[in-house]
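Asks: Work out the full structure, taking the sequences as your base and the hints as a guide.
Mapping of the sequence shown onto mature numbering (1 follows the signal peptide of the UniProt record, and there is no 0): residues -25 to -1, 1 to 425, in sequence order.
Incorrect hints may appear among the rest.
Unchecked claim - Distance condition first, Cα-Cα at most 27 Å in a straight line; then the derived DSSO-like pairs of lysine-lysine:
hint	residue 1	residue 2
1	K150	K111
2	K173	K263
3	K236	K417
Calculated directly from the structure, the hints in this document are not laboratory data.
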Amino acid sequence: MAHGPTRRSLLATFTLATLFAGACSAPGDNSDSSAANASAAPVTSATCGTGPVTLKGYFETGFALPKSLSDEFTKQYPNVKWDIREDQFAVITQNAPRVLADDPPDLMRLPQVSELVKDGLLKNLDGYATAFGWDKWPASQLEQMRVSSTGQRGDGPLYAMGLNFSMTGIFYNKKMAAQIGMTKPPATLAEFDSLLQKAKDAGLTPINQFNGGATGGLAFPLQNLMSAYGEPGAINDWIFQKSGATIDTPASLQATQHLEKWLKAGYFAKDINSQDYATMMSRFIGGKNLFIFDGDWESGNLDKQMAGNVGFFLMPAQSAGGKQAAMSAPLTYGISSKAKNADCAAFFLNWVATNQQARDIAVKVGGSHPMGPADAYMPAVAEGTVTASTLAAGATIGKDNGAMDFIANATGAIYAKSWTPQLQKLAAGQQTPDALLKSVQKDYETQVKN
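Replies: Next up, the structure:
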């Protein structure tokens, strides 16, 4: 998700001289796999070579971006083929330790990384960062993928990279919005509440949100509400496992109570607890509801499926003109510490961020801002598209310093074992906001200690 959510600029492809610069381990070298935070081996050559290579990937199902990038990469480097396995993000979250240990892919969509680093399952990428110049990119792009020797994120060696830098917010159906007199995004949380009531009064389904199975989609509106009531820094401290951090704060309680108010008011579709992500998207594209909370990875898809009929806005602040925040994180991929083709996988990750065709795909297919140098190439985006709206919103988040990682990424088990069942109980009227937060915090403390 996280799947999360969430998601960058581009230089032309590096020259061979750049590719051979710096220091990097030889293909398949696993010298840094014995323990977490072992030093990265120096990188002297990181390419895919000229001989046949099969990159083994473990990707998240339902997203076109990784497949589009891998297909384009093979067009440019025909000696590289792909062996890709796909699963839902919640399944990947549960499978990650076993897969990385017993059947290591070269490249893998990653859930929360701290535990994987502690167990020595991810390759330290600092050598590649030096060789490819990733350490010259804006530091904020990479900090969520750094892990210290104590397991705290935000500092220390680099253990992952992003296919893009995603961001979440609210998509809306413009034709349905016009039915309730909505001509522009709400400027305050109170205005948003008013729109939800107007939609219900008009016989529309205000919000549809996936919340079934092992993936609690109500975490999206909940964290958006947290951003309206509190500071993103406190939420990041909790996600990054900073000492003493807690999710059970007055601001989080206000946000959870606000979500409960929406649920009790009937603003969500009645069957959200039995709904998966694909169903949510199908209904929204089919014009069945006004709003969904989702990420910019759907921008390209929605521009095709609902051309001209989709808008996007960030969760409004409590006061007009207030700072805004959003879940905004790299679409995180890592290299197994036991990967057979680590150098080629790293070469691919660098290509994703620096190749012009790859950056075009990141924006036009992924709908998100590419990773990379601050002055890198950016493809033109047509005005009036939802992609243009999400990219503009990303600039607002950068200006307001409002980027948060996803609360589902605080520990490896917190999404499937804590947030999801607790939010499903809240939706069913079987849990209170206060007890929900206390339960999640208790689980978090147990998981961090382990």
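Asks: Now tell me if each hint is right for this structure.
Replies: Here's how the hints hold up against the structure:
1. A threshold of 27 Å between alpha carbons decides the hint, and for K150 with K111 the separation of about 44 Å lies outside it, so the pair is violated.
2. Only pairs whose Cα atoms come within 27 Å are accepted, and K173 paired with K263 is accepted, the gap being roughly 16 Å.
3. Restraint check for K236 and K417: satisfied, since their Cα atoms lie roughly 24 Å apart, inside the 27 Å limit.
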